[in-house]
Amino acid sequence: MQQNVTQAKSHTVPVDVLMDVLGILFNNDIPFLVDGINEHENTLLIRTTTNAKLTRHKKALENLKTLVSDYSYYRRESESGNFHNVETTDRDYEDDDE
Amino acid sequence: MTDIKRNCLHCGTPMQTQRSTKKYCSDTCKQAAFYNRNTQPPFTLNDKETIRAVEFEGEDLDEDHMDGANTVQQESSSDEQLPDKIPFNASRSVRNYDDTEPPLPFNVRKSTYQQTIPEPYHAKRREEDNTNVRSKRYHDTEVEEETYEWVRSELLDDIADYVQDNYGTTEMFQYPKKYWYGSDLEKVKWVSVRFLCIIENLLHFNNSNVDRRTFVLLNKAVKAMMDSWNYKYMPYNYPLKNEIRQQQQTIEKIAKSGDRSFRFALKKETKVKLIALRFQLADLVPRVKFKSLDFSK
Numbered sequence: 043m044q045q046n047v048t049q050a051k052s053h054t055v056p057v058d059v060l061m062d063v064l065g066i067l068f069n070n071d072i073p074f075l076v077d078g079i080n081e082h083e084n085t086l087l088i089r090t091t092t093n094a095k096l097t098r099h100k101k102a103l104e105n106l107k108t109l110v111s112d113y114s115y116y117r118r119e120s121e122s123g124n125f126h127n128v129e130t131t132d133r134d135y136e137d138d139d140e
Numbered sequence: 086m087t088d089i090k091r092n093c094l095h096c097g098t099p100m101q102t103q104r105s106t107k108k109y110c111s112d113t114c115k116q117a118a119f120y121n122r123n124t125q126p127p128f129t130l131n132d133k134e135t136i137r138a139v140e141f142e143g144e145d146l147d148e149d150h151m152d153g154a155n156t157v158q159q160e161s162s163s164d165e166q167l168p169d170k171i172p173f174n175a176s177r178s179v180r181n182y183d184d185t186e187p188p189l190p191f192n193v194r195k196s197t198y199q200q201t202i203p204e205p206y207h208a209k210r211r212e213e214d215n216t217n218v219r220s221k222r223y224h225d226t227e228v229e230e231e232t233y234e235w236v237r238s239e240l241l242d243d244i245a246d247y248v249q250d251n252y253g254t255t256e257m258f259q260y261p262k263k264y265w266y267g268s269d270l271e272k273v274k275w276v277s278v279r280f281l282c283i284i285e286n287l288l289h290f291n292n293s294n295v296d297r298r299t300f301v302l303l304n305k306a307v308k309a310m311m312d313s314w315n316y317k318y319m320p321y322n323y324p325l326k327n328e329i330r331q332q333q334q335t336i337e338k339i340a341k342s343g344d345r346s347f348r349f350a351l352k353k354e355t356k357v358k359l360i361a362l363r364f365q366l367a368d369l370v371p372r373v374k375f376k377s378l379d380f381s382k
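Residue numbers (this note's numbering), protein chains in the order written: chain A, 43 to 140; chain B, 86 to 382.
Check each hint, because a few of them may be wrong.
[What the hints assert, rightly or not] Below, simulated EDC-like cross-link-like pairs (lysine to aspartate or glutamate); rule was C-alpha separation at most 20 Å, straight line: (1) B:Lys356 x A:Glu83; (2) B:Lys374 x A:Glu83; (3) A:Lys107 x B:Glu239; (4) B:Lys376 x A:Glu83; (5) B:Lys374 x A:Glu81; (6) A:Lys107 x B:Glu234; (7) A:Lys95 x B:Glu234; (8) B:Lys356 x A:Glu104; (9) A:Lys100 x B:Asp250; (10) B:Lys107 x A:Glu104; (11) B:Lys90 x A:Glu81; (12) A:Lys107 x B:Glu285; (13) A:Lys107 x B:Asp243; (14) B:Lys358 x B:Glu271.
No lab work stands behind these hints: they were computed from the structure.
Computed from a predicted model, the values in this text were never measured in an experiment.
Model the full structure from these sequences, guided by the hints.
Here you go:
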């Protein structure tokens with residue numbers, strides 16, 4: 043009998059690719075939890091629980107990571123989520139008055 | 086990040102990439118491919134060499150693969166039902182087609198793909214996909230492995246297409262000294278850093294409730310920038326002048342709307358364009374806070 047080895051991982055998912063990521067999670071029956079929402083950065087922190095022995099789950103996670111890293115590439119972000127070509131990351135436009 | 090192994094679409098050199106949409110091994114190849122694309126005339130299906138080049142663009146052909154390549158070439162040339170000519174945009178679609186990518190041991194799906202190729206030709210390609218060597222190469226693993234349908238983001242694909250279609254602009258911002266120097270380069274940077282800031286704002290406000298005053302402020306900023314000496318005497322070859330004008334008109338329209346606050350949402354194509362422009366501009370200038378910028382120098 044195949045042993046279940048569950049693995050919990052957290053992913054920072056930009057809202058722009060959220061629907062694609064959710065599609066991956068639902069289609070592959072991967073349980074997940076939204077741990078947090080960063081409205082300022084427009085990202086969600088999602089925790090997935092996968093079976094490490096299932097190839098489908100491995101591929102799904104690989105797929106998810108590829109989408110997130112591709113998006114980061116177009117955002118010009120490094121893996122850790124920091125801008126690599128930025129002077130100021132803090133934006134506070136709402137405070138500007140007319 | 087996981088490295089993906091694939092071959093450069095221009096020279097065929099094996100490369101490792103962290104980005105699934107990366108197609109070329111170096112800027113030189115990317116540039117060469119861009120010039121090739123722009124100098125290639127629309128081809129006909131009777132042109133065997135062109136078809137073969139498109140089918141196996143950039144792929145390493147060892148002996149086994151050469152058999153497959155010949156098969157495809159013969160099939161293409163012997164099909165009499167195919168149209169004589171393909172529209173020019175169709176040739177582009179063929180090059181960007183998923184099967185020019187290195188083979189994956191699982192199926193690839195793009196949720197809604199705009200087919201621009203005439204149906205008989207496309208049907209023919211699907212038939213070839215099932216018979217050519219690339220499918221055979223992974224035949225064994227396909228049987229053994231669990232089938233996984235690889236999901237691609239339509240948004241990311243559209244951004245990649247936009248960046249590739251506007252490679253000229255990307256190149257100008259990557260190598261600005263080839264195109265501008267001295268005070269011209271300063272003007273280009275001055276305008277670009279401000280336009281990048283405006284784009285950041287528009288993307289930031291997307292899908293959120295925005296006070297109309299914010300857009301009034303943005304509109305004032307863009308107008309001030311367009312009235313500035315730097316913008317007026319911008320080099321003639323600056324590629325984003327029309328874009329700036331277009332965005333200013335849109336922002337002005339929103340700023341003049343009667344609602345005190347409203348939900349702001351970008352259309353998909355606008356969002357794709359803005360993300361791609363932000364990507365291109367980030368090569369030239371850093372992101373700077375709106376408050377730190379003077380738009381009316």
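Each hint tested on the structure:
1. B:Lys356 x A:Glu83: Answer holds: Lys356 of chain B to Glu83 of chain A is near 16 Å, not above 20 Å.
2. B:Lys374 x A:Glu83: Cα-Cα ~15 Å, so holds.
3. A:Lys107 x B:Glu239: The hint holds at about 16 Å.
4. B:Lys376 x A:Glu83: holds (18 Å)
5. B:Lys374 x A:Glu81: holds (18 Å)
6. A:Lys107 x B:Glu234: Given pair Lys107 of chain A, Glu234 of chain B holds - Cα atoms ~15 Å apart, limit 20 Å.
7. A:Lys95 x B:Glu234: Since the Cα atoms of Lys95 of chain A and Glu234 of chain B sit roughly 18 Å apart, the hinted pair holds (cutoff 20 Å).
8. B:Lys356 x A:Glu104: Between Lys356 of chain B and Glu104 of chain A the Cα gap is close to 26 Å, so the pair fails against 20 Å, i.e. violated.
9. A:Lys100 x B:Asp250: This hinted pair is violated, its Cα atoms lying about 34 Å apart.
10. B:Lys107 x A:Glu104: Cα-Cα ~17 Å, so holds.
11. B:Lys90 x A:Glu81: violated (35 Å)
12. A:Lys107 x B:Glu285: violated (24 Å)
13. A:Lys107 x B:Asp243: Holds, at about 19 Å.
14. B:Lys358 x B:Glu271: At roughly 25 Å apart (the allowed maximum being 20 Å), Glu271 of chain B and Lys358 of chain B break the hint.
When held up to the earlier numbered hints, the structure conflicts with 8, 9, 11, 12 and 14 and fits the remainder.
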